Amino acid sequence: MKPIIKLEDIHKTYQTGEVEVRAVRGVSLEIHQGEFVALMGASGSGKSTMMNILGCLDRPTRGKYFLDDIDVSQLNRDELADIRNQKIGFVFQGFNLLSRTSALENVELPMLYTRQRLNGESLRERAMQALETVGLGDRAGHSPNQLSGGQQQRVAIARALANRPALLLADEPTGNLDTRTSVEIMGVFQKLNEQGITIVMVTHELDVAQYTKRMIVMRDGRVVSDTPVARRLNAEDELRKVQQEQQAAQLAG
Amino acid sequence: MRYWAIIKIAFRALRRNKMRTILTMLGIIIGVGAVIAMVALGRAAKTQIQQRIAALGQNVVVVFSGSINRNGVFTGFGGAGTLTVEDALAIQNEVPNIAAVSPEVRTSAQIMAGENNWSTSITGESVDYLPIIRQWDLADGDTFTEADVRAAAKVCVLGKTTADKLFPDGGAVGQIIRIKNVPVKVLGVLTPKGVSMIGQDQDDTVIVPYTTGMKRFAGVTMLRTINVSVTSSDRVADVIDGMTQLLRQRHRIQAGRDDDFIIRNPQEYFATQNAATDTMTALLAGVATISLIVGGIGIMNIMLVSVTERTREIGIRMAVGARGRDILLQFLIEAVTLSSIGGILGILSGIGGAKMLTLIKQWPTQVSANSIILAFLFSAAVGIFFGFYPARKASRLDPIDALRYE
Chain A
1 MKPIIKLEDI HKTYQTGEVE VRAVRGVSLE IHQGEFVALM GASGSGKSTM
51 MNILGCLDRP TRGKYFLDDI DVSQLNRDEL ADIRNQKIGF VFQGFNLLSR
101 TSALENVELP MLYTRQRLNG ESLRERAMQA LETVGLGDRA GHSPNQLSGG
151 QQQRVAIARA LANRPALLLA DEPTGNLDTR TSVEIMGVFQ KLNEQGITIV
201 MVTHELDVAQ YTKRMIVMRD GRVVSDTPVA RRLNAEDELR KVQQEQQAAQ
251 LAG
Chain B
254 MRYWAIIKIA FRALRRNKMR TILTMLGIII GVGAVIAMVA LGRAAKTQIQ
304 QRIAALGQNV VVVFSGSINR NGVFTGFGGA GTLTVEDALA IQNEVPNIAA
354 VSPEVRTSAQ IMAGENNWST SITGESVDYL PIIRQWDLAD GDTFTEADVR
404 AAAKVCVLGK TTADKLFPDG GAVGQIIRIK NVPVKVLGVL TPKGVSMIGQ
454 DQDDTVIVPY TTGMKRFAGV TMLRTINVSV TSSDRVADVI DGMTQLLRQR
504 HRIQAGRDDD FIIRNPQEYF ATQNAATDTM TALLAGVATI SLIVGGIGIM
554 NIMLVSVTER TREIGIRMAV GARGRDILLQ FLIEAVTLSS IGGILGILSG
604 IGGAKMLTLI KQWPTQVSAN SIILAFLFSA AVGIFFGFYP ARKASRLDPI
654 DALRYE
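In the order they appear, the protein sequences are chains A and B.
So the first sequence is residues 1 to 253, counted in my numbering.
So the second sequence is residues 254 to 659, counted in my numbering.
The hints are simulated quantities; they were obtained by calculation from the structure and are not laboratory data.
Please note that a few of the clues may not be correct.
To be verified - Cut-off 20 Å, straight-line C-alpha distance, at most; resulting in silico cross-link-like pairs (SDA-like, lysine to any residue):
(1) B:LYS261 <-> A:ARG117
(2) B:LYS646 <-> A:ASP78
(3) B:LYS271 <-> A:ARG100
(4) B:LYS261 <-> A:ALA140
Just so you know, these numbers come straight off a predicted model, no measurement behind them.
Full structure from sequences and hints, please.
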């Protein structure tokens with residue numbers, strides 16, 4: 001299988017005043033189509049910087065980054081914007097939905113910035129499709145403040161899927177969610193991954209990482225371990241367990 | 254990105270902060286409204302002056318018999334009696350670019366018509382005076398002819414006021430009136446012309462052939478004035494020069510001596526009045542424009558606040574693939590929408606304000622389509638000008654920082 005992501009000796013150095021911060025110090029790796037990768041590390045390990053580079057929000061100081069066979073390490077702002085629009089779907093910890101804007105319109109957002117013109121109808125249709133994929137077809141008209149955290153994150157996932165990207169990039173997607181909702185969201189990711197969508201997820205929680213297929217751990221700007229997940233959790237099973245636990249707790253209470 | 258989508262976003266953003274939007278628009282509304290109302294006021298004043306100029310007649314130049322010095326004693330204007338009918342004919346025949354000439358004599362008399370009587374001025378003029386020099390139409394009947402002039406016929410044309418006083422029930426045409434006991438036939442009645450610039454009722458008059466005026470009523474052989482109509486306004490100076498030369502020659506005035514006549518160009522009086530009105534209009538419009546600019550600064554201020562408030566939104570849009578240009582356009586269109594709606598409301602309030610001025614203060618106003626179009630374009634330009642800086646600021650945000658912004 002061809003690699004979706006190919007990193008060659010990526011470095012990123014920030015200049016903060018007098019101090020030079022070397023956030024990423026030589027990362028090389030390949031991520032193939034259909035993978036589900038957890039990018040882990042403590043804060044300050046460089047995983048957020050890696051996330052920004054992988055998401056084409058930032059450029060590496062040194063090294064080469066091929067995304068879907070395109071060298072994106074030297075592109076300018078506008079070209080990076082187009083790459084983000086076409087190749088990457090973002091899911092953030094804080095959902096980052098537009099407030100007072102319906103779920104459907106939030107999902108339409110990436111399509112508004114697409115260079116090829118879509119007519120209003122097919123745009124709506126695709127947004128609806130994406131919402132149905134995450135199980136929110138019946139909430140299209142709701143605005144984010146009318147939705148629960150889990151539902152908001154589902155809208156965000158639908159938005160990430162809207163332009164059919166090569167890569168889904170999730171930054172602590174369960175950070176603001178309770179256990180049960182977290183498991184639900186991981187279930188959505190697992191299902192999408194089964195459909196062949198490549199997912200890279202940044203997280204610092206090991207139990208969330210257990211739902212992925214491959215775990216990359218970073219420390220001090222370097223990759224220190226890159227292993228397949230041995231005892232992979234299945235979100236459906238876990239959800240059943242959580243429900244049973246909750247029922248037991250209710251009975252006991 | 255599609256424009257309708259951007260415009261939709263702009264309207265949504267403006268609706269979200271209704272109070273703020275209205276207050277920001279108010280600056281533009283007041284500015285545009287003031288410009289429209291002030292220009293309307295200025296234009297009306299100018300139109301009034303132009304109407305008065307038009308009432309004078311077409312490019313009229315007036316020759317007065319002038320002051321002469323008899324052994325150190327100066328006579329006043331019109332007192333010398335230096336102009337003759339022959340002078341008038343000479344001007345008509347020898348000076349180029351002249352449309353019409355009318356020798357004028359004037360006297361006043363008590364006029365009687367049956368039971369009614371009325372005191373007014375009797376003016377003797379040529380055939381060309383009414384149709385060419387004054388461009389004064391008849392409401393009823395006819396004017397006198399060349400034959401009447403040659404024969405010093407006992408005929409007249411009445412001004413509207415005089416006709417109303419002598420014939421309250423109408424039907425003046427064809428009647429006989431008595432001027433200084435001379436029976437005179439009324440040939441026609443003039444259309445009303447209103448009050449002149451010096452406050453005279455121009456319709457309170459009787460016009461007779463100048464020959465009739467000289468022989469039968471005024472009893473003079475010299476003329477008081479000669480009215481001259483020039484073919485076009487840019488020939489007026491040439492005609493004045495030509496007449497001066499001709500009259501000096503005819504009156505045998507030696508070089509170095511003063512003229513015994515005065516040539517006046519009445520348009521000159523209005524030129525200064527016109528200039529004063531222009532200055533006034535420019536001043537008022539200037540003040541109004543300043544308030545429009547202040548309104549623009551208000552827009553800039555609110556757009557800067559809006560950009561800061563919506564930093565996160567900008568980050569999200571950039572993350573999903575909005576280019577800097579898309580963001581720039583979004584905020585620019587928002588600013589232009591703000592200022593254009595303000596402009597439209599301002600135009601309406603300006604028209605309303607002008608109407609109010611007319612209604613309450615009785616000041617004439619005249620709203621022109623030009624000033625409306627100009628005001629609208631200007632308010633849109635204010636939006637672009639003052640919206641550009643905040644919009645550019647938004648478009649240059651770093652997506653990572655913008656996403657992290659709390």
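Here's how the hints hold up against the structure:
1. B:LYS261 <-> A:ARG117: holds, 17 Å
2. B:LYS646 <-> A:ASP78: Distance of about 16 Å is within 20 Å: holds.
3. B:LYS271 <-> A:ARG100: holds, 14 Å
4. B:LYS261 <-> A:ALA140: Since the Cα atoms of LYS261 of chain B and ALA140 of chain A sit roughly 19 Å apart, the hinted pair holds (cutoff 20 Å).
Checked against the numbered hints above, the structure violates none of them.
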